[in-house]
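Generate coordinates for the entire structure from the input sequences, incorporating the hints supplied.
Here is what each chain is made of, one letter per residue.
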Amino acid sequence: MKCRYLYYLLCFLGLSFSSGAWAAETCVSSASDFEQKKDQFPQIVQQLPVMLTTDGMWATAGLKIRTVGDKLKLEGYVWKVGGIYADDGYLRKVCYNGSTFKVTLENGKTYEAVVKSNRTVAIQGVTFKKSSSSEFASIVEKVKKAGGSQIRTTSGNGVQ
Amino acid sequence: MKNKIILLALSSFVMSSAGAAGKSATPSPVQSKEEIEFLSKKDQNLIDVAKTDDFAGIITRPNQSNPALKTIDLYTFQDVKPLNMDKTLCSQLLERLFGPVKESSLKISEPEIFNSHTGKTCEVQVKDPDAEGKIPERRVLIGFVNAKPIGLVFRFPKPSDKAAQQNARDFWSTLR
Chain A
1 MKCRYLYYLL CFLGLSFSSG AWAAETCVSS ASDFEQKKDQ FPQIVQQLPV MLTTDGMWAT
61 AGLKIRTVGD KLKLEGYVWK VGGIYADDGY LRKVCYNGST FKVTLENGKT YEAVVKSNRT
121 VAIQGVTFKK SSSSEFASIV EKVKKAGGSQ IRTTSGNGVQ
Chain B
1 MKNKIILLAL SSFVMSSAGA AGKSATPSPV QSKEEIEFLS KKDQNLIDVA KTDDFAGIIT
61 RPNQSNPALK TIDLYTFQDV KPLNMDKTLC SQLLERLFGP VKESSLKISE PEIFNSHTGK
121 TCEVQVKDPD AEGKIPERRV LIGFVNAKPI GLVFRFPKPS DKAAQQNARD FWSTLR
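Protein chains in written order, with our numbering: chain A, 1 to 160; chain B, 1 to 176.
Note that these hints are calculated values from the structure, not bench results.
Fair warning: this is a prediction, and the values are worked out from it, not measured in the lab.
Among these hints, one or two may not hold up.
[Stated by the list, open to error] Where chain B lies over chain A, by a calculated footprint (3+ residues, C-beta under 8 Å): (1) 52–63; (2) 81–87; (3) 100–113; (4) 121–133.
All C-beta atoms in this analysis are idealised placements derived from N, C-alpha and C, irrespective of residue type, glycine included.
In structure tokens, the structure reads:
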């Protein structure tokens, strides 16, 4: 009887490992960390900066992950009614479990990005495709033009 | 006759849809003496990708010509006690916006407390040392409006000047 339970347990463990259900999670928290472990990340993010764009019915947006010194930073441009909305934030940690990224910003915000293919990820239900610098620039320009170019510079003298 | 009824039904549907689209689905948590528009994070996908849960949405000032002062992040804080602003409370709420100050890549100034129309209010400057950053400076105002704690974040593409800083405070004084 004991042997039968042991057999079932071994079968369960074998199936779990072979199916990748217990795939090890890879996490990085800096640019140098990413450089060392990038082979464990999917193709879509292996080269920094990573640029992703979407231009569909639900959203027009561009996201970029780039390095600032040894830190990783997220930049985003989203078209909204009445103008462009630009935002950014430093990343504290990015983890990948074989199918999904879990991104944690320094402010504590976390969100998930589900890898759908070598060139696409889904964030908050919106599919982004991997893009070149020029594709990214064209989306940001489109967003700027649509929004009346709200990211203009202000005059200022740098007073603290 | 049948066709007319269908046409009438379709046109009334289109008109009601258009009417609904023209309205902001979620009302602003704060009012202003100045004309403002509010876009809730619930009504616009992706604007909160880099924001913490306290982020409520974006306030737009249609009559403001300076882009840096036109679009403002609005935060509404839940479960805050006591309802009296001081440097300690301000630091706690700042942490809910930007994470722990000591671990942040952003350079966050010491909170400054000033008296506004709603009582003690906190002001903080947040600088991003990233030379290529699109938002090198943020200015944060945190205080109480109708006894509810809220935060405004103005985002500057170039360092702000005194006039812009005063304009931000002036906008705070319009909140009701």
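Structure-based check of each hint:
no.	hint	result
1	52–63	holds (count 4)
2	81–87	holds (count 6)
3	100–113	holds (count 6)
4	121–133	holds (count 4)
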